[in-house]
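Undergrad: Chain by chain, the residues run as shown.
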Amino acid sequence: EPEVTQTPSHQVTQMGQEVILRCVPISNHLYFYWYRQILGQKVEFLVSFYNNEISEKSEIFDDQFSVERPDGSNFTLKIRSTKLEDSAMYFCASRAAPNTGELFFGEGSRLTVL
Amino acid sequence: GESVGLHLPTLSVQEGDNSIINCAYSNSASDYFIWYKQESGKGPQFIIDIRSNMDKRQGQRVTVLLNKTVKHLSLQIAATQPGDSAVYFCAENGNDYKLSFGAGTTVTVRA
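If you're matching them up, the sequences are chains X and E in order.
For the record, in the first sequence the residue sitting at position 35 is 35 according to the numbering used here, with numbers rising by one throughout.
For the record, in the second sequence the residue sitting at position 2 is 2 according to the numbering used here, with numbers rising by one throughout.
Simulated from the structure, these hints should not be mistaken for laboratory data.
Don't take each hint at face value.
What the hints assert, rightly or not - Where chain E lies over chain X, by a calculated footprint (3+ residues, C-beta under 8 Å):
#, segment
1, 44 to 54
2, 102 to 108
As the list claims (entries may be wrong) - Pairs of lysine-lysine, DSSO-like flavour, derived with a Cα cap of 30 Å:
#, chain 1, residue 1, chain 2, residue 2
3, E, Lys42, E, Lys56
4, E, Lys42, X, Lys78
5, X, Lys57, E, Lys71
Every residue gets a Cβ at the ideal spot worked out from N, C-alpha and C, and that includes glycine.
Please model the complete structure; the sequences and the hints are all you need to start from.
TA: What follows is the structure in structure tokens.
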């Protein structure tokens, strides 16, 4: 069964460092998302991406965050200068069709900022 | 404020019994709702969805009920099994299928 894959599974970084989280969405999917989940809390929307551009972003997704689809298969989330409060599980998701809420999530990348 | 929320953060259920997980939403214009399940250490997994032109939808061992009058939806799991132990989120669809998740109900199945 096709799946969304994410790397790394866990990254520990120092405050102020840049982090790139990588995702490979399901191959025929066209819509891509990043969500995050702080430990014990709900899943929060960060950004959606379609047709090589951001379609919507949340207040969390400030100018420290960026996304890119560099090569037609990978979908990356970059945090330019990490803060302690960026520590969370980051989930990538993708969706095939324009009329379904069925997002396929990866298993997440846990980011720990020290 | 939060647009979707769950009534109870935890639910303990005996194996074989039915489970009912509740969710309230505040936006009367919302027209599409989805239930997700998140097992420990994994990403959310789609269970079932319902559009506002329906009040009930059934899947395999799951039923979602939508009451638009009181802005409430529920997920019913029949004959709950140990593998059903997880956190369950209701989600409300926004623009571009940006999902807004509720806080989650942790379901624990007792053997």
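Undergrad: Would you mind marking each hint as holding or not holding in the structure?
TA: How the hints compare with the structure:
1. Here's how the segment 44 to 54 of chain X fares: 4 of its residues keep a CB closer than 8 Å to some CB of chain E, so the rule of at least three is met and the hint holds.
2. Three residues within the 8 Å Cβ limit are the bar, and the segment 102 to 108 of chain X against chain E gives 7, so the coverage statement holds.
3. A C-alpha spacing of about 28 Å is found between E/Lys42 and E/Lys56, which places the hinted pair at or below 30 Å, so the restraint holds.
4. About 22 Å separates the Cα atoms of E/Lys42 and X/Lys78, which keeps this hinted pair within 30 Å; it holds.
5. For a cut-off of 30 Å, the pair hint linking X/Lys57 to E/Lys71 stands: about 26 Å separates their Cα positions.
Comparing the model with each numbered hint stated earlier shows that all of them hold.
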